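Enquirer: Given the sequences, and given the hints that come with them, work out the whole structure.
Using our numbering, read the sequence shown as starting at 185 and increasing by one per residue.
In case anyone wonders, no lab produced these hints; they're calculated from the structure. Please read all numbers here as calculations on a predicted model, not as lab measurements. Some hints could be false.
The following label-pair restraints were derived from C-beta to C-beta distances [unchecked claim]:
no., residue 1, residue 2, range
1, I426, P229, 46 to 52 Å
2, R217, L246, 22 to 28 Å
3, S355, L218, 42 to 48 Å
4, L384, L246, 34 to 40 Å
5, K352, L377, 29 to 35 Å
6, K239, P416, 51 to 57 Å
7, T234, A356, 33 to 39 Å
8, P229, L332, 34 to 40 Å
9, D391, E358, 27 to 33 Å
10, L246, D213, 26 to 32 Å
11, L292, V315, 21 to 27 Å
12, F319, Y347, 23 to 29 Å
13, L278, R323, 23 to 29 Å
14, T228, R317, 34 to 40 Å
Below, in silico cross-link-like pairs of lysine-lysine (DSSO-like), each with a Cα-Cα straight-line distance of 30 Å or less [claimed, not checked]:
no., residue 1, residue 2
15, K189, K352
16, K260, K189
17, K260, K352
18, K239, K189
Positions of the beta carbon are idealized from the N, C-alpha and C atoms, including for glycine.
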Amino acid sequence: MFFIKAIIDICIVILLLRLLIRSSEVFFDPIYRLIYRITDPLLTPSQYITRDVTKGIFMSILGLVALRGLVYMSIKSTSFLFGAGISLLDLLRLLFQGYMVFLFISVLSQSGFGTTFVNMIQRAFIPLNRVSRRFGVPRRHFSLFVFLFLLILYALLSFSIYYLMIPKTISAIEGLGEGLLLVVSLFPGFFSLIIIIGALLSWVSPDPHNPVVQAIYGISEPLLRPFRRFVPLLGGLDVSPIVAILCFQILGRFGQQLIIGLMM
Numbered sequence: 185m186f187f188i189k190a191i192i193d194i195c196i197v198i199l200l201l202r203l204l205i206r207s208s209e210v211f212f213d214p215i216y217r218l219i220y221r222i223t224d225p226l227l228t229p230s231q232y233i234t235r236d237v238t239k240g241i242f243m244s245i246l247g248l249v250a251l252r253g254l255v256y257m258s259i260k261s262t263s264f265l266f267g268a269g270i271s272l273l274d275l276l277r278l279l280f281q282g283y284m285v286f287l288f289i290s291v292l293s294q295s296g297f298g299t300t301f302v303n304m305i306q307r308a309f310i311p312l313n314r315v316s317r318r319f320g321v322p323r324r325h326f327s328l329f330v331f332l333f334l335l336i337l338y339a340l341l342s343f344s345i346y347y348l349m350i351p352k353t354i355s356a357i358e359g360l361g362e363g364l365l366l367v368v369s370l371f372p373g374f375f376s377l378i379i380i381i382g383a384l385l386s387w388v389s390p391d392p393h394n395p396v397v398q399a400i401y402g403i404s405e406p407l408l409r410p411f412r413r414f415v416p417l418l419g420g421l422d423v424s425p426i427v428a429i430l431c432f433q434i435l436g437r438f439g440q441q442l443i444i445g446l447m448m
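Expert: See below:
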């Protein structure tokens, strides 16, 4: 069952990535072609209901979320409503953390505009650009608005899912705290892993035009840039990744403990 859940998780991530890819880009990028080949069979059932690809992707994701709910139901011997609620929370956390990754990279990046990875980030922010314009948010405050808006939205949606589908009640403060924990956990977890992968790739000189390589460097390089300003080369060796990972581990764990303490 855990293997089936892992396959469903991967399919959901790939479908979400497809939302950020334009059909015209598929002809020039082998990774995008692979994503289309993987997701096309997943979209087949939705084509009986709608011909709109975007709507089909959303319907397919909801179908996979429901299927994952069935897996949770069988694993934990609970009702389908409970399993579907846990599955929805997983999707909500994935989306929230994904947007937080994009937000941090967009704030820290100073170059790289026009690359495949940056184009995907810009497309992901299109709905939030519309929301910010509706609220009349100045462009210079866009990043802060996005952070607060997504954090509050996550707290409200998670509260609703817990209240309606899971026999557990959380307060708005707990929802905000859970969202902050997800943000802080990115540093000792996902960001540290990406920095390690980027450091390993630097030893083999991969193709810089590869979209996977662009994505890895697009995340790791902005994170390392502040450290490289203060950490000198050690015998010609760049040790900033090691320093960054140590800082992320220490400060990340401290931040998590602090948030948990405030929530209690």
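Enquirer: Per the hint of 27 to 33 Å, is the separation of the Cβ atoms of D391 and E358 within bounds?
Expert: Given a distance of about 46 Å, which is not inside 27 to 33 Å, the answer is violated.
Enquirer: Is K260 within 30 Å of K352, Cα to Cα?
Expert: holds (16 Å)
Enquirer: 46 to 52 Å was suggested as the range; check whether the CB atoms of I426 and P229 agree with it.
Expert: holds (48 Å)
Enquirer: With 29 to 35 Å as the target window, see if K352 and L377 comply at their CB atoms.
Expert: Holds - the Cβ-Cβ distance for K352 and L377, about 30 Å, lies within 29 to 35 Å.
Enquirer: Regarding L292 and V315, is the given constraint of 21 to 27 Å on their beta-carbon distance met?
Expert: Given range 21 to 27 Å: holds, Cβ gap about 22 Å.
Enquirer: Against the range 34 to 40 Å, how does the distance between the Cβ atoms of T228 and R317 compare: consistent or not?
Expert: Holds, at about 37 Å.
Enquirer: If you draw a straight line from the CA of K189 to the CA of K352, is it 30 Å or shorter?
Expert: holds (23 Å)
Enquirer: Just to be sure I understand the hint, the distance between the Cβ atoms of T234 and A356 should be within 33 to 39 Å; is that true here?
Expert: Cβ of T234 to Cβ of A356: about 36 Å, so the range 33 to 39 Å holds.
Enquirer: Please check whether P229 and L332 have a Cβ separation lying inside 34 to 40 Å.
Expert: holds (38 Å)
Enquirer: Are K239 and K189 close enough, with their CA atoms no more than 30 Å apart?
Expert: holds (23 Å)
Enquirer: Given a hinted range of 23 to 29 Å, is it respected by the beta-carbon distance of L278 and R323?
Expert: holds (28 Å)
Enquirer: Looking only at beta-carbon atoms, does the pair R217, L246 fall within the given range of 22 to 28 Å?
Expert: holds (25 Å)
Hint compliance for this structure: hint 9 is the single one not met.
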